[in-house]
Amino acid sequence: MSRVELHHGAATDVGLVREVNEDAYLVAPPVFVVADGMGGHDRGDIASRIVVEEFRRLAEAGYPAHSGSEVIAATLRAAQDRIGAYDADRRAEGAADFNAGTTAVVALLVEQDGAPRWLLANLGDSRIYRCSGGALEQVSVDHSVVQELITAGALRPEEAEHHPERHVITRALGGQGAIEADYFLLPLASAERLLLCTDGVSGMVADDVLAGILAGAPDPRDAADRVVAAAVAAGGRDNATAVVIDVVGWSADDGYDSDASRRSLQEKLGALP
Amino acid sequence: MSLPTSPPTGADTGAVTGPASLARWTFRPGPWTAALGRVSVVGPADLTPRIAAAWAVDAAGGSTGEVLGALLPGGLADLESVSDLAVVVREPDRVVVLVRGALRVHARGGVGGDRVCEGAGTLTWVEHTLIEPAELTVELPAADADDAPVTPEYAVPAGLVRVAALRWGLAPAAAPAAATAVVPPPLPEPEPEPESAPEPAPEPARDAAADPLSSPLSSLTDAGFAPPFPEDPTVPPALPPLPVVPPPPPSVDGPDDEPPTEALPAVPPAPPGPDDVASPDHDGLTQIGASPTPAPPDPLAGPGPVPGTVVARIQVNDGEPIDIDRAVLVGRAPEARQLGDGVLPRLLPVPSPMQEISSTHLEIRPGTGPDHGSAVATDLGSTNGTVVVLPGLPPEELRPGVAWQLVPGAVINLGDGVMIHVLRP
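So the sequences go chain by chain: C and F.
In terms of my numbering, the first sequence is residues 445 to 717.
In terms of my numbering, the second sequence is residues 137 to 561.
These are computed hints drawn from the structure, not numbers from a lab.
There may be inaccurate statements among the hints.
Said to hold, decoys possible - Quick look at which bits of chain F chain C covers, simulated, 3 or more residues with Cβ under 8 Å:
#1 265 to 276
#2 290 to 296
#3 466 to 472
To be verified - Selected chain C positions facing chain F (Cβ under 10 Å, derived; list incomplete):
#4 447
#5 449
#6 569
#7 579
#8 580
#9 600
#10 602
#11 632
#12 634
Using N, Cα and C, we set each Cβ at its ideal position, and we do this for glycine too.
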């Protein structure tokens, strides 16, 4: 058994161009989510909020510490089903070709062999970054046409910005077909700070600028505020959302303490005289 | 600044062993990194990877020299990049304090009375030997005094933490050793400090309402994550059933969220948005499309063909044997990336004080195809490579990315003295 203390901050802004904020986020330790709804006229804000709702239910219900990706997968499936039902309702009301969709990035604290881990998941082009030892690194890999072309060596990163299909993501919630998130498992020591953000942040603020902002804001609330403010200041072409999570500390189990805690609990429950 | 001192003690000793020792570390969260154990290290955040490495060595029972070796893998030359550092070594009969740069360690009580260990201006470090000190306070310069929030003090027996202030001694509320019935609440224990903060003008209330910083403690127990930490860790419950029922009242707005918006199902079909053909740079044009490339093969995804079947066991040096019933990633600080949906690999960190082992060095998993029924090892592109010795054969260096079938009796050498022995299932 181990104990982890997390501090977090979150911020979102509709930006300077859009009229609706289709982003949604959840900070319900130990569950954190950022979702970017898609398709303004199709009400992507509904889709992103459904995802957040489902993960809020997961956080409230709790989950086994030794959970694997199946917990996230089941929650994503539940969200997918609800988005599909919502689509069907709208179509039944006469909205032709209705398709709400959303990305999702998820950070969940789990435990393995008695040690805490970050279990991360990505679907779409929202991103997960980590700060470790002063450096910023993108952990998630975008599910986008340009990223897949870059990975395949068919596109140089600097060409991505002008690629005609730069807005096309290849996996998301909503729409048809299977939903296959990517999962990542990190030891806490290698991610003292996590940033979950939508492409309204990562598309507006260069990684090195992001690194400077995060390094200069020890308080995660400040960090989230400043990241979103930078995205808006850079043009705010899209909704911008950031969740910053700091691992403030964790402790290995202490035999004396845990034993005592257990006994105390049993006493409170009346199991011991 | 220094921490307020705790109530006088006098009874405690610096010994790390012995049931009578109730001394422990307490800290306030902040920008510095501290590894707390038998050998404790405090340094700036940019030193975190090496402090974490030192912590891993200490937690694995490494000697003081091995811990310092992990902290300064390049030897004394590494000190050029380490301006501030404090190391506290608790030996059975004494406490040794090494300090360098702007950090100071205040020792109170013990043989020889109060001492201040200062490292300013030294070429290497200053070393003090303390006999039975009652309390040690590590004085850390405030990185950003204007912004320093007033935070509670937490107690921790051992661990890796980010600190603004650090103290070792009897926890103020500590009970006598025998009184196990008197129990501290789950860590971290907020210990309200009566003294006002020494930092000038913190501004904690700035956006407290919008975004409470201090999340409730997230507790990991065998019983699973539950918001209030109530469960008996001895009872592992089943996975909570995921709701299949219609959604609850549809507000997604929690205390942390933006101003409330309307309820979900009541939303009528929306009016057309302002986007569509407008500007080509409009990021609201994001749409779902087909992948331009087929899905790449995923070398780390999933276990062997029969999940749950143990095909072998491995033993790292003389540690506990580990079942190979799914992928195991071995390294200095292993991590798994871009996994598909399936059983998570096990992350198996091994100590590497000389940094010879890569962070994610080797994968061992149940084999597929011709290797079905046995374990296979794959070097994941490690810096220094992996050598396998099969019984009766000369050592072979693994080719990165190529799976190698393991038989019982095989020994895998990762470097840094880490040997993995392959055992029968």
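Do the hints match the structure? See the list:
Taking a C-beta to C-beta cut-off of 8 Å, the region 265 to 276 of chain F contributes 0 residues in contact with chain C, too few for the three needed, and the coverage statement is violated. For a cut-off of 8 Å, the count of residues in the region 290 to 296 of chain F with a CB near a CB of chain C stands at 6, and the three-residue condition holds. By the rule of at least three residues with a Cβ nearer than 8 Å to a Cβ of chain C, the coverage given for the region 466 to 472 of chain F holds, with 4 such residues. Interface hint status for residue 447 (chain C): upheld, as the beta-carbon distance to the closest one in chain F is roughly 5 Å, under 10 Å.
With a cut of 10 Å, the hint placing residue 449 (chain C) at the interface with chain F holds, because the nearest CB-to-CB distance is about 6 Å. Checking residue 569 (chain C) against chain F: minimum C-beta separation of about 7 Å stays under 10 Å; hint holds. Annotation: interface hint on residue 579 (chain C) holds; nearest CB of chain F at approximately 9 Å, less than 10 Å. Evaluation of the residue 580 (chain C) hint against chain F yields a violated restraint, the C-beta minimum of about 13 Å exceeding 10 Å.
Of the supplied interface hints, the one on residue 600 (chain C) is violated, with its beta-carbon coming no nearer than about 15 Å to a beta-carbon of chain F, more than 10 Å. Against a cut-off of 10 Å between C-beta atoms, the interface hint on residue 602 (chain C) is violated, since the closest Cβ of chain F lies about 17 Å away. Checking residue 632 (chain C) against chain F by beta carbon gives a least distance of about 8 Å; that is within 10 Å, so the hint holds. The closest approach between the C-beta of residue 634 (chain C) and any C-beta of chain F is roughly 5 Å, which is under the 10 Å cut-off, so the hint is satisfied.
Going through the hint list in order, the structure does not satisfy hints 1, 8, 9 and 10.
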